[in-house]
Each structure stands twice: as structure tokens, then as C-alpha cells.
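K.L.:
Letter by letter, the chains look like this.
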Amino acid sequence: MNSAAQNTPAVEALGLTKVYGRGNTEVVAMKDVTFTVAKGEVVALLGPSGAGKSTLLTALGLINPPTAGRIVIGGQPVLDADRALVNLAAFRRQHLGFVFQKANLIPFLNAVQNVQVALEINDTRPRQARRRAMELLDYLGVADRADHLPDALSGGQQQRVAVARALANQPSLILADEPTAALDSHRGRQVMELFRKVAHERGSAVIVVTHDHRALDVFDRKYEMEDGRLLDRHEAAGSA
Amino acid sequence: MNLAAQDIRHNLGRFALTALGIGLLLMLVLGMSGIYQGLVFEATQLVDEVGADFWVVQKNTRGPFAEVSRLPANLEFRLLAVPGVRSAQSFVAHTIQREQQGRPLRMFVQGLAWPDDKGEWLPLTGGRPLGQAHYEMIADQILGLALGDKVPLGKDVFTVVGVTKGMASSAGDGTAFFTVRDALAIQFDLPGETMRLERAARRHRAANQDFGRVQPELLERAGGPSSALPALATPLVSAILVKVAPGTDTAAVVATVSAWPDVTVHTHEGQRQLLLRGNVDRARRQLGLFRVILVFVSTIIMALIIYTLTLDKTHDIAMLKLMGARHSVVVGLILQQALLLGALGYAIAYYIGQWLYPLFPRRVMITPDDLWMLAGIVLAISVAASLLGIWKAMRVEPNKVLS
Ligand SMILES: Nc1ncnc2c1ncn2[C@@H]1O[C@H](COP(=O)(O)OP(=O)(O)O)[C@@H](O)[C@H]1O
Ligand SMILES: [Mg+2]
Numbered sequence: 001m002n003s004a005a006q007n008t009p010a011v012e013a014l015g016l017t018k019v020y021g022r023g024n025t026e027v028v029a030m031k032d033v034t035f036t037v038a039k040g041e042v043v044a045l046l047g048p049s050g051a052g053k054s055t056l057l058t059a060l061g062l063i064n065p066p067t068a069g070r071i072v073i074g075g076q077p078v079l080d081a082d083r084a085l086v087n088l089a090a091f092r093r094q095h096l097g098f099v100f101q102k103a104n105l106i107p108f109l110n111a112v113q114n115v116q117v118a119l120e121i122n123d124t125r126p127r128q129a130r131r132r133a134m135e136l137l138d139y140l141g142v143a144d145r146a147d148h149l150p151d152a153l154s155g156g157q158q159q160r161v162a163v164a165r166a167l168a169n170q171p172s173l174i175l176a177d178e179p180t181a182a183l184d185s186h187r188g189r190q191v192m193e194l195f196r197k198v199a200h201e202r203g204s205a206v207i208v209v210t211h212d213h214r215a216l217d218v219f220d221r222k223y224e225m226e227d228g229r230l231l232d233r234h235e236a237a238g239s240a
Numbered sequence: 001m002n003l004a005a006q007d008i009r010h011n012l013g014r015f016a017l018t019a020l021g022i023g024l025l026l027m028l029v030l031g032m033s034g035i036y037q038g039l040v041f042e043a044t045q046l047v048d049e050v051g052a053d054f055w056v057v058q059k060n061t062r063g064p065f066a067e068v069s070r071l072p073a074n075l076e077f078r079l080l081a082v083p084g085v086r087s088a089q090s091f092v093a094h095t096i097q098r099e100q101q102g103r104p105l106r107m108f109v110q111g112l113a114w115p116d117d118k119g120e121w122l123p124l125t126g127g128r129p130l131g132q133a134h135y136e137m138i139a140d141q142i143l144g145l146a147l148g149d150k151v152p153l154g155k156d157v158f159t160v161v162g163v164t165k166g167m168a169s170s171a172g173d174g175t176a177f178f179t180v181r182d183a184l185a186i187q188f189d190l191p192g193e194t195m196r197l198e199r200a201a202r203r204h205r206a207a208n209q210d211f212g213r214v215q216p217e218l219l220e221r222a223g224g225p226s227s228a229l230p231a232l233a234t235p236l237v238s239a240i241l242v243k244v245a246p247g248t249d250t251a252a253v254v255a256t257v258s259a260w261p262d263v264t265v266h267t268h269e270g271q272r273q274l275l276l277r278g279n280v281d282r283a284r285r286q287l288g289l290f291r292v293i294l295v296f297v298s299t300i301i302m303a304l305i306i307y308t309l310t311l312d313k314t315h316d317i318a319m320l321k322l323m324g325a326r327h328s329v330v331v332g333l334i335l336q337q338a339l340l341l342g343a344l345g346y347a348i349a350y351y352i353g354q355w356l357y358p359l360f361p362r363r364v365m366i367t368p369d370d371l372w373m374l375a376g377i378v379l380a381i382s383v384a385a386s387l388l389g390i391w392k393a394m395r396v397e398p399n400k401v402l403s
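If you're matching them up, the sequences are chains Z and G in order. For the first sequence, position 148 (counting from the first letter as 1) is numbered 148 according to my numbering, and the numbering increases by one without interruption. For the second sequence, position 226 (counting from the first letter as 1) is numbered 226 according to my numbering, and the numbering increases by one without interruption.
Please keep in mind that the hints were generated in silico from the structure rather than gathered at the bench. There's no promise every hint is true.
Claimed, not checked - Far from chain Z, by Cβ distances over 12 angstroms, these chain G residues were calculated: (1) Q101; (2) D149; (3) E193; (4) E220; (5) T267; (6) F290; (7) W355; (8) W391.
Unchecked claim - Below, computed lysine-lysine pairings styled on BS3-like, alpha-carbon distance capped at 25 angstroms: (9) K197(Z) with K39(Z); (10) K165(G) with K150(G); (11) K400(G) with K31(Z); (12) K197(Z) with K222(Z); (13) K392(G) with K102(Z); (14) K243(G) with K59(G); (15) K165(G) with K102(Z); (16) K197(Z) with K102(Z).
As the list claims (entries may be wrong) - Examples of chain Z residues toward chain G, derived with CB under 8 angstroms: (17) I63; (18) A90; (19) N104.
Here the structure is a predicted model, which is why all the values come from computation and not from measurement. Yeah, the Cβ is synthetic: ideal placement off N, Cα and C, and Gly gets one too.
Could you put together the complete structure from these sequences and hints?
P.N.:
Below, the structure written as C-alpha cells:
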């Protein structure tokens with residue numbers, strides 16, 4: 001079953017560097033980061049605050065282009081430094097899923113509509129989008145809250161709707177920035193296990209920024225960031 | 001799923017209040033054109049209702065509605081002698097303001113050429129045309145008089161025998177119809193003391209002239225009523241209305257009468273144009289300018305509202321962009337809300353207007369043309385107003401979700 005397509009990495013980062021500001025206020029948030037995540041792999045990104053984790057994640061998410069370096073997703077070069085090689089918005093809706101610390105649900109849409117909108121943006125017909133959105137809510141165990149507005153959902157429920165939304169278009173790459181920070185450890189672990197399930201069942205690559213060391217066993221691989229540099233966990237452990 | 005509709009449902013109260021505000025503004029815009037149409041209607045209504053083919057007025061004047069015109073009443077008979085003239089009637093019109101039961105009563109007094117004209121042509125809503133040569137009047141309902149009311153004017157008391165609807169002068173005052181003689185009596189009413197003094201002065205003037213000295217009898221006549229003095233002019237009227245016989249060329253008759261050195265002739269259409277240009281034109285420009293300003297104000301207010309609605313959604317718009325939404329999704333969200341706001345405002349303007357305009361003291365006439373024009377204006381306003389919000393939304397970066 002190891003076809004060429006199977007062997008293409010889900011995402012490749014090549015020499016990513018990000019410099020914020022200029023002159024005196026210049027901050028090098030990310031320095032020459034190179035790494036690869038395979039399809040179906042769940043990767044943790046660890047490191048202290050300010051290490052550049054979010055910068056890397058948003059760069060891979062095509063919403064915060066790097067100052068230098070290349071990003072290749074699913075074998076397709078998408079960014080060369082800050083130059084777009086594809087239509088980034090179209091690429092995001094077709095291939096990427098995002099989850100953040102806050103659920104960022106749209107407040108005037110109810111739970112199912114929040115998932116549905118992601119599908120409709122990607123040209124799924126409304127009726128079908130709704131059915132699929134309901135399935136996803138069901139998969140995440142919040143189907144009974146489908147017609148509640150985000151305000152009426154608990155933090156955990158909101159986050160699960162956000163995860164459902166991120167999964168809606170069956171993205172090849174899921175990017176999660178501290179998705180469990182606002183959840184209790186039980187709920188947090190549930191979400192992490194869900195990512196693992198999605199990665200292994202659907203072959204999506206998942207990159208999760210996390211501080212939560214209790215759920216680290218869920219991940220296939222762990223990277224650590226420090227001062228903008230990416231260290232392999234084993235490397236980091238070995239050098240210590 | 002329609003994002004604009006969902007957002008509105010979520011913010012229904014605020015949206016409804018905004019639509020109400022826009023609606024009231026649009027109602028003013030519509031009212032402005034309604035007031036103008038009302039002015040045009042009222043200005044030309046009397047001329048239209050009277051239905052004369054042409055008006056004969058004092059030389060070089062613009063007729064009884066525009067300025068003072070004075071003609072001898074017997075001109076009527078000269079005109080009847082012109083070939084092709086079917087009828088010629090004296091027309092007396094002037095505005096008076098009196099008190100009636102403690103409130104000001106401003107009326108446009110118009111004389112009917114009794115007995116040929118009893119006012120049968122008037123749009124009566126109650127009562128009857130004039131039934132006798134004196135002391136009866138037909139009042140428009142603007143005047144607030146009821147059938148049977150007694151109105152003292154001059155030295156006489158007039159009874160309201162008929163009521164009309166919508167007969168306003170070009171200044172918007174209600175019209176009251178009397179016989180020409182009564183109308184003249186009201187116009188030239190003098191206090192008793194003035195009359196006594198005038199008669200004494202007449203006597204004195206006559207006594208100082210040779211024929212007064214030669215004929216003492218004349219002095220007795222000079223001290224009596226004016227009507228008993230054969231040498232005094234016949235009463236003056238404002239205009240003579242002429243209708244031509246069927247099959248006659250009006251232009252030819254007009255040409256004949258126009259050649260007379262003591263009068264000026266205005267055709268029906270000419271009289272209308274005089275009224276419109278003289279009385280209404282400046283009001284039209286005034287209202288037009290005001291309307292333009294209101295349209296601008298509405299646009300700015302709506303733009304600000306749409307802009308703040310968009311600002312409130314910055315984070316959600318960023319999220320939509322993060323998810324890869326096309327520009328059309330975001331533009332659609334804003335534009336649809338603007339258009340819906342406009343459409344709701346339009347409906348509110350229409351319905352509140354229907355209810356409110358009749359309460360205005362002067363006629364507000366809404367024509368289908370004006371409604372179409374307002375629809376066009378609303379469409380333009382809505383699109384223009386959404387531009388600011390769209391501009392803002394286009395500048396929202398997807399990574400704004402993170403802040
Ligand atoms: N928009 C920005 N402008 C300037 N500096 C930034 C910006 N975003 C992040 N930084 C800086 O870049 C560095 C890395 O930030 P970040 O990627 O958010 O780290 P982490 O997510 O690991 O906490 C920090 O020093 C931070 O202050
Ligand atoms: Mg961070």
C-alpha cells in the first residue's frame with residue numbers, strides 16, 4: 001500500500017525564518033526551522049512561551065507568511081518566503097483545519113451552523129453541508145447541542161464544535177494552537193485523543209502546540225522550540 | 001445558510017431600531033417630493049377646476065392668482081360680443097384673514113358668476129351649491145367650517161351651505177365661494193365711519209366745482225350711496241373667464257382679444273405655467289435641495305451603521321477568511337445587510353408615510369413615480385453605504401482571529 005502519494009509528506013517546512021518589526025524593534029521569532037510531518041502523524045510542539053510556536057503554526061497555516069523559507073503541503077509548494085504560489089484562501093479551505101485556544105465560534109450561528117459554514121464556504125450544498133455537520137457534531141458528542149448558540153455552550157462543548165469545524169472539509173493538515181488550554185485535563189485529553197483518532201483513521205497530519213505534559217503520550221512525535229529554533233525532543237533530551 | 005440573515009436574527013432588536021431610523025429618514029425624503037407634488041397640485045387646482053379656455057386680466061398683469069388684477073365688470077359684456085365666445089364670467093378672488101370663534105380664519109375668497117355659475121362644478125362633499133344671490137357660501141373643509149355655520153364678513157353674515165374637499169389656493173389656504181357681488185362686498189367693505197366721511201368729502205368736492213354750484217340737487221346725490229351715482233365706475237373684478245363655443249378656434253379668439261389695448265390674455269395652459277413658475281418654482285428648488293441633503297444624510301448615517309455592524313463582526317470576518325472564505329462571502333454578508341436595511345427602511349417609510357402625511361396641514365401627494373424614484377435612491381444609498389463597511393472588511397487579516 002506504500003504508493004508514491006502515500007509517501008509524500010503531509011507538510012514540509014524548509015528553512016523557515018520569521019522576523020517581526022525592523023531595526024531596534026526587530027524580533028526574530030523563528031530561525032531556520034526545517035521539519036517534515038508525515039500523513040497520519042500526530043506531532044506535539046512544545047516549548048516555553050515566546051519560543052515561536054505560534055509563529056511557526058500560523059506560518060504553516062498560511063496566515064502569517066515567513067520572512068524566508070518554503071512551505072510545501074501535500075507535495076505542493078505553497079509559499080516561498082512571503083510569496084504565495086497558490087491561492088492561499090482556496091488552499092486553506094480545501095486542505096487546512098484550525099483549532100485555537102479559544103473556540104472562535106461565530107456568535108450569531110448555532111453549533112451546527114458553525115460547522116456548516118465551513119462546508120458551504122468550500123462549495124458543499126447547504127442540505128448536504130447540514131447533514132455532514134450533524135454527523136461531525138455527533139462524532140464529537142455534541143449533537144444534542146446542535147441548535148444552541150455558542151453563548152449557550154460550555155467551554156468544552158464550544159471547543160468540540162470548533163474541532164468539528166476544523167475537521168469539516170477533511171483537511172490534510174490540522175493545526176492546533178493550545179487547543180486544550182481552556183479545558184480541564186479530562187476534556188483536554190479527550191480532544192488530544194480525538195486528534196490522534198482523526199490522524200490515524202483519516203490520514204490527516206496533526207500539529208498541536210501544547211503545554212499539557214499529561215497528554216504527551218498521545219503523540220507520535222514531539223518537537224521542542226526554544227528562541228525560535230526547533231529541536232527534536234530526543235535531540236533536546238540527549239543534549240541536556 | 002444565509003450569514004446576513006442569521007446575523008440579523010441574532011441582533012434583531014438593534015437591527016429593527018436601525019431600520020426604523022432609516023425608515024423615518026426615508027419618509028422625510030419621500031415627504032419632500034410629496035410636499036412638492038402637493039404644491040404643484042394646489043397651485044394649479046383652481047385654474048384646472050375652473051376650466052376656462054382663457055383668462056382676461058388687467059393689462060400687463062399675470063392674473064388674479066399671481067398679483068392684483070383689476071378690470072371693470074362690464075368687460076364681460078364686451079367679451080360676449082366677440083364671435084366664438086360661448087360664455088364670459090366675472091372672476092373675483094382675494095385672500096382675507098379674519099377671526100372665527102377665536103382662531104384665525106384665513107380664506108381665499110372666490111366669486112361665482114351668479115346666476116350662471118352656482119358652483120355646481122365644485123367637488124362638494126356635503127350640502128349644495130349656492131341657492132340665492134346673497135349671504136350664502138361654500139367653504140372648503142380646510143377652513144374647518146361646518147354646514148350651517150354662520151360667518152360674519154363685512155357687514156353681512158354668510159351661511160355655509162356647501163362643503164368642498166381639496167380646494168386650496170396656490171398658497172394652501174382653503175377656498176370659500178360666494179357670488180361675485182358678495183365677494184366684492186367682502187373685498188371692498190368699508191367701515192360706516194369711512195363711508196360717512198367719504199360722502200361728506202364727496203359733497204364738499206362737488207360743492208367746490210361749478211356743476212355742484214349750478215346744480216344743488218347733485219350735492220344731495222353725492223352724499224348718498226355710491227350705487228346711486230351714475231358717473232362712478234362699475235365695480236372692479238379680478239379677471240374674466242372665457243369659454244369658447246365648441247368648434248371654435250381658441251387661438252383665433254385669443255388673438256382677437258389680445259389685440260385690445262386694455263387687457264392681457266392668458267390661456268389655461270399659460271395661466272398654469274405662470275402659477276408654477278411664479279409660486280412653485282422656488283419652493284420646488286428649495287425642497288429639491290433639502291431632499292438632496294436628506295439623501296446625503298441618510299447615506300452617511302446608513303454607512304456609519306453598516307460600518308459599525310461590520311466592526312462588530314471583525315473577528316468573525318477574520319475567522320471566515322481564516323477558513324478560506326471567498327471575498328464574495330464577506331461582501332455578500334455586508335451588502336445584503338445594507339440592502340435589507342434599505343428595503344425595510346423603504347417599507348417603513350411607505351407605511352408610516354401613508355399614515356402620517358394626511359395629518360400634515362398642507363397636501364402631501366405621493367405619486368407612483370416618486371415611489372419608484374425613492375426605490376432607486378434607496379438602492380443607491382444602500383450600496384454606497386455598504387462600501388465603507390466592505391472596505392473595512394477587505395482589510396481584515398485572517399490572523400486577526402488570534403488577537
Ligand atoms: N505580531 C508580532 N509582532 C511582533 N512580535 C511578535 C508578533 N508575534 C509574536 N511576536 C514575538 O515573536 C516571538 C514568538 O512569539 P510566539 O510565536 O507567539 O511564541 P509562542 O507561541 O511560542 O509563545 C515572541 O518574542 C513574540 O513577542
Ligand atoms: Mg503561542
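K.L.:
Give a verdict on every hint.
P.N.:
Now for the hints, and whether the structure bears them out:
no., hint, result
1, Q101, "60 angstroms, holds"
2, D149, "62 angstroms, holds"
3, E193, "82 angstroms, holds"
4, E220, "98 angstroms, holds"
5, T267, "65 angstroms, holds"
6, F290, "38 angstroms, holds"
7, W355, "33 angstroms, holds"
8, W391, "18 angstroms, holds"
9, K197(Z) with K39(Z), "13 angstroms, holds"
10, K165(G) with K150(G), "19 angstroms, holds"
11, K400(G) with K31(Z), "23 angstroms, holds"
12, K197(Z) with K222(Z), "17 angstroms, holds"
13, K392(G) with K102(Z), "24 angstroms, holds"
14, K243(G) with K59(G), "20 angstroms, holds"
15, K165(G) with K102(Z), "69 angstroms, violated"
16, K197(Z) with K102(Z), "22 angstroms, holds"
17, I63, "4 angstroms, holds"
18, A90, "6 angstroms, holds"
19, N104, "5 angstroms, holds"
Of the numbered hints given earlier, the model fails hint 15 alone.
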